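Undergrad: Protein chains in written order, with this note's numbering: chain A, 1 to 479; chain B, 1001 to 1454; chain C, 2001 to 2250.
Incorrect hints may have been included.
[Unchecked claim] Derived pair list, reagent style BS3-like, types lysine-lysine, alpha-carbon separation capped at 25 Å: (1) A:LYS423 / B:LYS1379; (2) A:LYS378 / B:LYS1300; (3) B:LYS1052 / A:LYS378; (4) A:LYS344 / B:LYS1047; (5) A:LYS452 / B:LYS1379; (6) C:LYS2116 / B:LYS1438; (7) B:LYS1047 / A:LYS378; (8) A:LYS344 / B:LYS1052; (9) A:LYS423 / B:LYS1347.
Bear in mind the hints are in silico, worked out from the structure with no lab data behind them.
Here the structure is a predicted model, which means the values were calculated and not measured.
Letter by letter, the chains look like this.
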Amino acid sequence: MANEYVKKVAEEKYKYGFTTNVYTEIIDKGLNEDIVRLISQKKGEPEWMLDFRLKAYRFWQEQKQPTWAHLRMPEIDYQAISYYADPTAKKADEGKKEIDPELMKTFDKLGIPLEERMALSGVAVDAVMDSVSIKTTFKERLSEKGIIFCSISEAINQYPELVRQYLGSVVPYRDNYFAALNSAVFSDGSFVYIPKNTRCPMELSTYFRINARNTGQFERTLIVCEAGGYVSYLEGCTAPMRDENQLHAAIVEIVVMDDAEVKYSTVQNWYPGDSEGRGGVLNLVTKRGHLRGANSKLSWTQVETGSAITWKYPSCILSGDGSQAEFYSVAVTNHHQQADTGTKMIHLGRNTRSTIISKGISAGQSENSYRGLVRVGKDADGARNYSSCDSLLLGNRCGAHTFPYQDVQNATAIIEHEATTSKISEDQLLYCNQRGISTEEAVGLIVNGYAKDVINKLPMEFAVEATKLLSVSLEGSVG
Amino acid sequence: MKTSELQYIELFRQCRQMLDAGSTPVLNALRDEAMAAFERLGLPTRKVERYKYTDVPAAFAPDYGLNLQRKDIPANVQDNFRCDVPNLSTHLIYSINDVPQPSPAAASTFNTFDETSGGIFIGSLAEASRQRSELVALYYGRLTDLQDNALAALNTAFCQDGIFVYVPRNQRLQQPLQLINLLRSSVDMMVNRRLLIVLEEGAEATLLLCDHAMDTVSFLTTQVIEVHCADNAHLNLYEVEETHTKCHRFSNVFIQAGRDCTVTHNNLTIFNGLTRNTTDVVIAGENTEVTLNGCVVADKNQHVDNNTLIDHRVPNCRSHELYKYVADDAATGAFAGRILVRQDAQKTDSKMTNANLCASTEAHVYSQPMLEIYADDVKCSHGSTVGVLDTQQLFYMQQRGIPTEEARMLLKFAFVGQVIDEITLQPLRERLHYIVEKRFRGELSKCTGCALCK
Amino acid sequence: MLEIKNLHATVGGKEILRGINLTIRDGEIHAVMGTNGAGKSTLCNVIVGHPAYTVTEGSITLDGQDLLAMSIEERAHAGVFMSFQHPIEIPGVSMVNFMRTAVNARRQALGLEPLKSTDFLKLMREKRALVDIDNRLVNRSVNEGFSGGEKKRNEIFQMAMLDPSFCILDETDSGLDVDALRVVAEGFNKIRTEQTSAIVITHYQRLLDYIKPDVVHVLLNGQLVKTGGPELAQQIEKQGFDWIKEELNA
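Only chain A is shown next, with the shape it has when bound in the complex (with noise of 0.2 Å):
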């Protein structure tokens, strides 16, 4: 019966695969020195900055990119793709305008108004469009608190000194192949700075959005959060439809010191490509957090509906004695999206204690693969984890795996892993349908049932939304 529904059901459209027209000044293709200059110039970067490229550039020339995931990965020409594009650059014969009308228009129809009068309560805004970032809402009433919450690129200029000191610091242009090409050409991302003892009163939030064409995102961000500091961020992303794969190669860096505690939550929506497998965006990303400080706590909870490729380990590291770490991820792939994702928890400080609750949802002819690592160092006595990874398989084309790592040096350490693997009933769906639940509801009903320990770890406001989007993934997957 299931399987009949879904040759039945039509194909959902991509909600946000609209492109927006707008002038766009974008440098030639290409990746060599000149280029990682031309971008730190067109940045203002200071001398630093653009050392820092350069050493990640040349660092990156000299390696080959990681083959070792659960992935078929397209090859990927690297001097075919543009590094710089920005939207709000004016045409020569222009005056100083303000925002383009249109890009506001482009983020309220994504239902990020960017005026701060209509968003949404209590949650501050990055907007960030291809390389450049277009608006941050509520700056000043959080500079109130001392919080920095701004571009990246401003923050180079306006704080030096913070960004030196932290940037790179917790993933090194040395960490993988994809992390010294975003060192080498990132462009902009969000940086947050919460000062002691400050709790940060809203929401803070960016948004990214890949409109050009054949041009790659390198997002950079990073987020420190002194002693005794709290702050809760989020990070949506979406691309127009668009045949040819479109790159983002990320960064997200986070610091926590002593009591301080950062909750970190995404909901990816890239484009997934079309349903015979073209297009889409390839999400190369490295995420980490280094829990620095005594009792620190760090959660990562991502729900991951889109992009046709997933290649992203949301990590931690527990320096800190008594630090705390969680992960909470729903990852749900369709048609040809292939996903390997997962985290990795380093215990190195000690009575630290991490959690990973992951849920993969795989349907159509998609991969799907958890990745995780768990290590306990000699030093991390009293080391606790706990991992649980589900996999729901929709339709028998498709693949769910569970690859998880433990590397245990400690007699003290408690390590458990459990992985199961289970599918939706037809007595489930029966059992709906005689409630007069359509299949395609009842499908919407058990996966949100299921996904919902990582769900109900997201903000309320977007909670929502990601129960809408789990449904609107899966639309014509039953199987």
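Since the structure of chain A is already known, use the hints to place chains B and C on it.
TA: For chains B and C alone, kept in the frame of chain A given last:
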């Protein structure tokens, strides 16, 4: 290519004639192909996913002697060796290094394919291939995956003899077969051991393989076991390694099972130096049940790496895995298990469990249970734990007056005992409980079986 | 004789026992009753030496020996036995092996030879008959898969095997129906000698119908606030603890 590989390639070229002369055409036939694959692949480094926990090239780098001339090694096995498992009435056969020994009376009836013993053959692989070359050629090297597996390829290139166990259609080995592999040498020695097991339709057999070392030199052993289970065949295969800290063992077990089979492989590493056991199972027929178990007791600098793959190719099969490790001192225990459920393998029921006790801060435990699933109507799960002894259980035992150390010991036996309890052969089960207890009490410093060690 | 003087104890930094004084002479049975969280289980655990509890002040002696200076197993060898409220399961450790180890550890502490295997099995048989425990249970792993009643009966069986001089029955009645309770209590009565003393922790009179206390104490908020005869237990059964609290406040 590094020196680790070069010495074997050189040796092969120089001694090709000698290798052939000491063997038979069936075995010689695969030599060139195997060496070509080895040259192409090289020894797997830790960058190769399946070998990330064991440094293979380092183990193969030293200079070992090989007995390619098939010289007799003086060892009066019957006098010097007493079986570890009394009361287990078995066919007993011995192999010294990679040379099968003339069988004692009990088993000698089985080395002629004779009709009076149901056509069963147990004995020298080379001998079997002389008597029934077409039969041995049908099976020898068919499961070894030469093109992908450098260690199996190396073994195949140098293998001159081994043990062949053949149980024809609807025949049954009435008694368990015990194969005692003795390592014996006065100089550091490389041994390339081979075991070919063929169970035809409806055949049944129970095998116990025991590894012992009689001399204290370094040994490097490669072992390839190929197991063909035709439809409705039933096999219990137990391996017990009790060697010493200078023994390096690289074992590759390939099992292919047809329809309605039950196959159990139980791998116990009680005492060793460096061990890498690779177990690959292909389930090619429906309604088959496969069990892979293992237990590891490691301390000092011992290193044990078990790597398994169960490939579910057809629907309606079951597989279970239970591996338990206790790693103390500076020991390394690694487990990586992969369950692959292919698209057609609906209704697969598979469960993998790996539990570890990391008993010291110098010890290192790696656990990597993997599921790779392409069919939706399956019941698959895995669990893995690294933990400490239960403090509440310890408290309860202490309240009953059991000293702390004794209580810890009892809990450790109980922990690995779960794997031993799965053994259906009662005398073996009891004996192994006893050996493991002795092992934990530190009364077992080397192998127990041989007179030389005592 | 067990003597507890001015006992203060904490768990996780929180003070639970706040000055307990209690003397139990040989052959006496003392019931300790009290509300949830009053410190009853803490008292038991401190006597046997549970590592989670810290004694901050006071002393416990058994026949003049300082229990607090001893390890858990040394206390057991000195004759302390606790029947646990929730006996833990120990998969893979057989009852026979477990009891043999425990019996011989105590014998060794007392300077006796270990029991010969045949003598040990004979002892098992005798004691099993005494408390009427199924042979089937004795052949299993410790408490594994036992029902609630079987677990409690197994505690009494172990008590019989180890021949303690001082017993703690920590809510032995919890989770038992009347019939099971009777069997367990009668088992205890059969194995105790004139010298055996005990603390019986309970919420209810019904256990005390079978195991008759000489003295009844009320433990509230970490202190023994009232002591009486068996009639005190009956009064608590009827009226609860509130009247005692009111008395205290008055």
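Undergrad: Evaluate each hint against the coordinates.
TA: Hints and how they fare:
no. : hint                  : in the structure
1   : A:LYS423 / B:LYS1379  : holds, 9 Å
2   : A:LYS378 / B:LYS1300  : holds, 17 Å
3   : B:LYS1052 / A:LYS378  : holds, 20 Å
4   : A:LYS344 / B:LYS1047  : holds, 19 Å
5   : A:LYS452 / B:LYS1379  : holds, 22 Å
6   : C:LYS2116 / B:LYS1438 : holds, 20 Å
7   : B:LYS1047 / A:LYS378  : holds, 23 Å
8   : A:LYS344 / B:LYS1052  : holds, 17 Å
9   : A:LYS423 / B:LYS1347  : holds, 11 Å
Consistency with the previously given hints is maintained throughout, with no hint failing.
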